[in-house]
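*Asks:* Residue numbers for the sequence shown follow our numbering, so the first one is 33 and each next one is one higher.
Honestly, the hints are just simulated from the structure, not real lab data. A portion of the hints provided could be inaccurate.
[Said to hold, decoys possible] Listed below are the simulated DSBU-like cross-link pairs for lysine-lysine, each with C-alpha atoms no more than 35 Å apart in a straight line:
| no. | residue 1 | residue 2 |
| --- | --- | --- |
| 1 | 203 | 244 |
| 2 | 417 | 244 |
| 3 | 332 | 151 |
| 4 | 120 | 183 |
| 5 | 244 | 147 |
[What the hints assert, rightly or not] Derived DEER-like restraints, expressed as beta-carbon distance ranges:
| no. | residue 1 | residue 2 | range |
| --- | --- | --- | --- |
| 6 | 319 | 364 | 17 to 27 Å |
| 7 | 277 | 184 | 14 to 24 Å |
| 8 | 428 | 183 | 40 to 50 Å |
Every residue gets a Cβ at the ideal spot worked out from N, C-alpha and C, and that includes glycine.
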Amino acid sequence: MPIDLDAVGRTLSPVHLRSVVESTARQNIWQGSVRSGKTVASLLRFLMAVATAPSSGRILLFGKTRESVNRNVFAVLTDPDLFGPLAKLVHYNPGAPLGTILGRQVDVLGANDAKAEPKVRGMTLCLAYGDELTTVPEAFYTQVLARLSVKGAQLFGTTNPDSPAHWLRKKYLLRAGELNLRTWHSTLRDNPHLDPQYVADLAREYVGLWYKRFILGEWRSAEGAVFDMFDEDRHVVDELPAIVRWVSLGIDYGTRNATAALVLGVGADGRLYLTHEWRHDPAVARRQLTDRGLSRELRKWLSELEVPGAPGLSGVLPEWTVVDPAAASLRLQLFEDGITPALADNSVLDGIRLMSSLLGNDQLRIHRSCTGLLEELPGYSWDDKAAERGQDAPLKADDHSIDAARYAIKTPEVLWRPLVRGSLDLAA
Numbered sequence: 033m034p035i036d037l038d039a040v041g042r043t044l045s046p047v048h049l050r051s052v053v054e055s056t057a058r059q060n061i062w063q064g065s066v067r068s069g070k071t072v073a074s075l076l077r078f079l080m081a082v083a084t085a086p087s088s089g090r091i092l093l094f095g096k097t098r099e100s101v102n103r104n105v106f107a108v109l110t111d112p113d114l115f116g117p118l119a120k121l122v123h124y125n126p127g128a129p130l131g132t133i134l135g136r137q138v139d140v141l142g143a144n145d146a147k148a149e150p151k152v153r154g155m156t157l158c159l160a161y162g163d164e165l166t167t168v169p170e171a172f173y174t175q176v177l178a179r180l181s182v183k184g185a186q187l188f189g190t191t192n193p194d195s196p197a198h199w200l201r202k203k204y205l206l207r208a209g210e211l212n213l214r215t216w217h218s219t220l221r222d223n224p225h226l227d228p229q230y231v232a233d234l235a236r237e238y239v240g241l242w243y244k245r246f247i248l249g250e251w252r253s254a255e256g257a258v259f260d261m262f263d264e265d266r267h268v269v270d271e272l273p274a275i276v277r278w279v280s281l282g283i284d285y286g287t288r289n290a291t292a293a294l295v296l297g298v299g300a301d302g303r304l305y306l307t308h309e310w311r312h313d314p315a316v317a318r319r320q321l322t323d324r325g326l327s328r329e330l331r332k333w334l335s336e337l338e339v340p341g342a343p344g345l346s347g348v349l350p351e352w353t354v355v356d357p358a359a360a361s362l363r364l365q366l367f368e369d370g371i372t373p374a375l376a377d378n379s380v381l382d383g384i385r386l387m388s389s390l391l392g393n394d395q396l397r398i399h400r401s402c403t404g405l406l407e408e409l410p411g412y413s414w415d416d417k418a419a420e421r422g423q424d425a426p427l428k429a430d431d432h433s434i435d436a437a438r439y440a441i442k443t444p445e446v447l448w449r450p451l452v453r454g455s456l457d458l459a460a
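The task is simple: from the sequences and hints, build the whole structure.
*Replies:* What follows is the structure in structure tokens.
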């Protein structure tokens, strides 16, 4: 079945149409902001390559995980609005190691750590497609290139910008002139089919570092303060509104270090509030608490908390108790004491990005009683040495309350997201 280039072409901007024609190199990489159209353009070119690929050699699709490949690649390929009848010729069961595209069997691999590299050894590839290339290990990418040994073999891939020191930029993109590599850069302006309101909303969802990378499409370093959008005058409150839903209790666990707990609620004004904080620091208290002691003190503290807007009422019972993934013993103790704990989502950068967006859009405020968190926020900084290696990582110091807040916010996002109003509504 021929590819209807006219139909697909109507969804592409001039830069993307040009990229489909020009992508004849061994490596072909589309880079730029989110929703800039690079995925559709690269997948159109990939389909054309699959249709004409030699019978010798295998075809590989890879990304950080098989789940991300399913979400970012197969979900697009099977969209009839984009690829018409061809969408029916793409088949994949989420999580499976194999799929079918245009009648051709394809391998699907996740590459989320250094152990992924051996997965591709021994393959003889004629074609490969990489989703979000900056999220896969360098060793894996290098091995994929080594396996592209069939005559005329090609790689197609996409990426959002990352650190300027990232291996993909330094070792490949900046060397496009000397390598058999073509690359194209695009921004939101290169996707003419996006609703203007959606573009405006998307731009507000990213702040600081991520706005520069994901909206402007710039390769920027993580440097300085992590939460540079935090403003005490704007984000710290002395009085809480009525809390319409007690979402979560986030707990960061320490033995020699501090254990911190933050309560998250949704206010009647449609904002998130970090309402109360509990900390036990052995260095300050001059005594350590066992897991049983921590559980007892936390439960006592929750039972005595004053309920905002309800004089005389005390006791808060959050719907989720979200605990540090490293705190298996505390989770067991809480369970024995009648609290069912949830394992915290410890995706550090995703959690930081979410907190940053909420602060930047004035959708998150903090009560002044959360002193540990308020002391940590201004000094929480990016690690310059990690940035030199092309990695985004905060300095691991004075972050116990920040981690507790991140757990409380990120893990139950599905619960609070429908209840929090947009920044335009909150500006009033």
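*Asks:* Next step is simple, just say for each hint if it's right about the structure.
*Replies:* Here's how the hints hold up against the structure:
1. 203 - 244: At roughly 22 Å apart (the allowed maximum being 35 Å), residue 244 and residue 203 satisfy the hint.
2. 417 - 244: Distance of about 21 Å is within 35 Å: holds.
3. 332 - 151: Roughly 50 Å separates the two Cα atoms, so the pair is violated.
4. 120 - 183: Distance of about 29 Å is within 35 Å: holds.
5. 244 - 147: OK: residue 244 and residue 147 at ~31 Å, within 35 Å.
6. 319 - 364: 17 to 27 Å: Given a distance of about 22 Å, which is inside 17 to 27 Å, the answer is holds.
7. 277 - 184: 14 to 24 Å: Since residue 277 and residue 184 have Cβ atoms about 58 Å apart, the given range 14 to 24 Å is violated.
8. 428 - 183: 40 to 50 Å: Once the Cβ atoms are compared, 49 Å apart, the range 40 to 50 Å for residue 183 and residue 428 holds.
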